[in-house]
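S.K.: Going line by line, the protein sequences match chains B and X.
So the number in this note's numbering is just where the residue sits in the first sequence, counting from 1, plus 51.
So the number in this note's numbering is just where the residue sits in the second sequence, counting from 1, plus 2.
One thing to keep in mind: the hints can contain errors.
[Said to hold, decoys possible] For lysine-lysine, the following DSS-like pairs were computed, each having C-alpha atoms within a straight-line distance of at most 25 Å:
(1) B:K698 <-> X:K610
(2) X:K318 <-> B:K677
(3) B:K695 <-> X:K610
Read the hints as simulated data drawn from the structure, not as lab findings.
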Amino acid sequence: MGEFKVHRVRFFDYMPSGIRALAFNQDTERMAVARMDGSVEVFHCSDRFFQEKIIPGREQFGIEGLSWVGERLFSAGLNGGITEYDLTNQKVKYTIDAYGGPIWTIAGNQQGTHLAVGCEDGTVKLFEVNEDNIQFERNLDRQKSRIVSLSWHPSGSKIAAGMMDMIQVFNVETGHSMHRMLADRGVGTSRSKECVVWSVVYLSDGTIITGDSVGMVKLWDDQTGTLIKSHNVTKCDVLALSVSQNEDSLVAGTSEGIVVQFQFVSMVLGKDDKEWVRTRTFRNHTHDIRAVAEITTAVVSGGMDAQLVVRPLLDKIEERSAASALRKIHFPHRRLVACARKSGLMLFQYPGHLELWRLGESEGKGIPGSSLFVKRNPEKLLHLKVKGEDHIRCSAVSPCGEWIVYSTASTLRLYRLHCDNNNISITKISKLPKVLSSANQLCFSSDSSHLFSASAQSSVHLVSISQSGCKFVGTLKPKSGSHQAIHLLAASEDGKWVASANSDHEVHIYNLQTRKAHCTVPIYSSAVTAMGIHPATNCLFMMHADQQMFEYSIEQKQYTDWSRTVQRKGLHRLWVERDTPCLNVMFNPQNPSHVILHDMYMLCIIDQSLPLPDDKTQFYNQLTLKSLTEEQRKSHSHAFKVCKTFKDILCVELMPDQSLVVVERPLEDIATQLPAPIKQKKFAT
Amino acid sequence: MGVTFSVLLMEDSGVVMPVSADVLRVLSATDSEPVVLFCCGAVRFLDSLLASPQQPIEDVLTEDEIIRWSTIIKAEHQLVILFSTEQRGEHCLYVQRFNPNTLMKHRFETEPGFSAPINFSATCRGSNIHLLYLYLNGSVYESVLPFRSSSTGAEVVQALSRSLCLSLPLGEEKLMSGAAVVLDEAHVAVVGFPHPSAGACKDYLCIWNTHFQTLQACKEMAGRIYSQLWCYSGKLYVPHGKMLSVIPFDCQKSSLAAAMGKQKQTSQSAECSFVTSWTSQSCTDVTQTTEIKSRMSTRNNIKSALTVDQLIQHIKTSAVEDVQAEVGEFIRRTPQADLQLAAGRVALELVSRSQTDANFYPQCAFLLLLETRYLCYSVCPELLSLAMVKKDFHLCQIAFQIFSDIPEAVTCACLKTILSTPDLEMETVNLDTDSVIFMKELTRAQSRSDEEGGQLNGFCPPALESDVSDTPSNKLQRDPLALDTSCPVGLHKGALLNEVLQTAYSDRSLLPHLKDLTVPQVIVFLQYLRFLYFKYSHDAHKQIRALRTPSISQIIDWVCLLLDAHFTVLAVAPEAKRLVFDLHKFVRSQVKLYAELGKIEGSLQVLKNSKQSEDFGMYAIHVIELF
């Protein structure tokens, strides 16, 4: 099979941002996640939690709450504004000021008619949700302290609000407070600290459940305004609560990083007297849990440690499948690294800046498993700060290394790089065509002569770039289909084709000579996570979130025989059960039958000329093959050659000299850069 | 039954309503409509019958066919009525299902002499009805009927497929009746059949385990048992004499471990857990059979084989030598499957004669029977106690090796006998050579290591250097390893004790019986356990090749049990002081050693972990190879 020289790169200091809020939409099975940096992501819960949409944040744009109203997503934050998102084009639709100071919480009613926000000035403000905007309706009775948490009664007639030291229940109709319930402060020294009711949940039977900074989960009766029961969950804060759709299970996230589950069960078998009982404890986080959500079959939690944890509830899962495994999502399902293959440059995309690095060089040869002497160290060539407050949405570097482009929600900038004798300088290309105002995805043609920019309504703008300037050539539009934003672009090596994939799973292929839509790949039920066009055969190779792979011949407009064989025989169980999506598809020009893929934990070379493994064959067979002789290997090898030497992989790229670039971001390195967790004591340390 | 029915009608409606056929029984299951079974075999729901009492009732049975037994079963909201009939010596089973109404007829297979099943018991398990029925010859058969009828009205009357699940021992008396009832999938309660070892005339309630063919429990009932037995919601109802006894019972889930006591030993469990089971006849049996057959053919012309009954008659009267020869012959010639049933009977008979006749003790016959491995403690409980009474330690040893179901009380009684027998007497006994060789090697290994003068593994217990204050009375520094490592008991006694150590037991049952040991016995036993423990800590036993050796965990378990059972005695008895002190010292040094090892393990773990995350800094160029 062969040896590869691997550049192991660990100097990309990517830091995922902490998770601040979660909102689950039962109908569409989408999970919206808000992060500390103001970005909002949408995960598809029934498509292996693929990160379908990413709306980048901006500086000083802290989100405190997220809420779905039907299929519309709203957020509110400490800047005092309520934001609605345009999920089709993956950008902010509008932001309006609530004029109540910082907003701590936002909640939509189940009827989808109103949004309530809790403000620093002590008001709960109701907004009416209209067709294409929201409109302030009125304030509920103003309170003395800030409103930290809100929950609507499912009927929409009452609202429970968590504040400092108390909980208020409002009648929405009159706007008056119906009950005021006092939350106890802690004992001892914490007596002087006020008790923050971080989270509140209003159940349809009139029970109000609160989680507070004293570490209690308390159950209240809204008829009498009295405490029914309290559970001491932790010594620290209970920061987040979430109840299941049918109100029989409740999860609470604490600042110690544990999630506690309560279940509404009858104490005597067969009787109807049900009580909330603490049942399970999940410890998957190292830091504060800022948000929890219980979805149909799992508990999803996120917090300061920036990982989204999907903990399946095994009692609700009937068969063992990919859905029954614990899932931790650390990295975005997008590429943050771009490589200029012909010039050995790497472009790292941070939220607020770009870094350009030149790879190092080695000397001599080494046996497999050894490391080579580094003759020249990698070099940081450029640190490009983004103008404005918006964070970068996408970026690209041309294969020749001469052009760098990035786009935020509001602007797109193209730079030309000049390298002469270690003197690096860049010039911004001014007078860009108007269509290049913003892009969802960017890609250069293989000869670096054209730039593809994915834009609104699933269209791709084609711009030619040269030393003399930048010229709009045309727009590639799909014949029909949805207008969802494009998240992947792939251009062919011969400059004839370009393919685009959008979040409705549509893959369109355009002929660049005629600038017309060539064909559309049959729509598959799972999202495309990576794709590439084979340089020799012009076949489009697609990886999906459910780990299926397809190879589609562009010229013949049909799936290739190999792809059909894969579908007929099925993929190996261990391949399908992997829980991170493949993020890059590469081809080896020297060996056309090789397709190179990677996900977070492995690097895989698929040799299309070898037999496919069936469920009886040993899938991870590299160690076995290593111990065999050349002759025996032939009979034992199969198409999937998986290398697990690397971990926490952000990007793999094959360079023209047959060397691989593997960009790793070890999770331990991320952990060391996180703030200290609230409780570091561990047993036996 | 018909009378009861008419009264029932009167209470219900105040009017006697004649129906057009003779009613046999009203059957009802909980939470379901009662069903009327007519003498002619027809079945009606009570409600529909009350609605139109004069409706025509069809004849299902032929004229002289009489219903002998009937029952109703309900599961999954489905009712099934079973009834058995007799017609000129032929017995049939009818299965009436509802929704759709189907009636299936099955014929009971007849056996010459015992044509009629005398008792039935039906239970519902899963989606099947399990019908258990008892014949007068002691055979208990089981038939499985699907709950929902699969075939639609096949007119051919098929013989009911059945499997023998238990063969009850028969006494001398001719039996007239009996009853069996299913308790759960593995347990059957039986009355009317004699206890296998308690003579014929006693009236016993016996609970048999059908999986292991063992007697699980028994209870003697005062007065005559009327061969009737019911089981409702965890209680057995047995009428006997002038009483009705209600016996609550609890069947533990029948696992191998529960049936045989806790099997603590791991290394040889496969060998020990030889269970005579109907379903799993191992391959070795087959080869044995062929071997025996070939031998049989050569001897066939000399003498024809005895039947079990003949042999039992001979045992009652013949001389010891003759009996031994006949038993040997019988074992050689009987096919394995028959031998399985016969071995127990023969052993019982031999034991009962030995108990009455002081001069009669056929040791060879017992050994031969044990070698068949068809005996277990439950089959012949008296054998072990007989061997103890006769001080036949060889037989005891073999029994300990073969029986896996010895009760803890008996284990303790044997232990007591072994400990109280003088060593001199013991040394003359002929024992299993393997075990004796083990003991010899064990004692020799010690003397050899003493000669070498050094300690085998170089271990020096830190307890002595550090804890001098613990031994103020003892000025002389003594090495606990050098001390008292001579074997406190003779070789043969040691070998027997080793067998006791390897028996299966459960702590809770053993503990009260262990308290019966006298102080000297406890001390000797503890000394011996300490001896083994010291030896094992020196890895001496690892150099000895023996088939059956007690494991270190077994030894430690017994030490714990013994200390637990005799804690106060050991604390008070002056002669135990030294022993306990030494033991404590040694254990403490071991604990310290393992604590040190724990530290090393922790450090090594850290080293291993740190090596895994090889740190190459921010950048490196590696070479990998894919195959």
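S.K.: The structure should be examined with respect to each hint, and the outcome stated for every one.
M.R.: Do the hints match the structure? See the list:
1. With a CA separation close to 18 Å, the supplied pair B:K698 and X:K610 stays within the 25 Å bound.
2. As the CA atoms of X:K318 and B:K677 are separated by approximately 74 Å, the hinted pair breaks the 25 Å bound.
3. Annotation: proposed proximity of B:K695 to X:K610 holds, straight-line Cα distance about 19 Å (limit 25 Å).
Violated hint: 2 only; the structure is consistent with all others.
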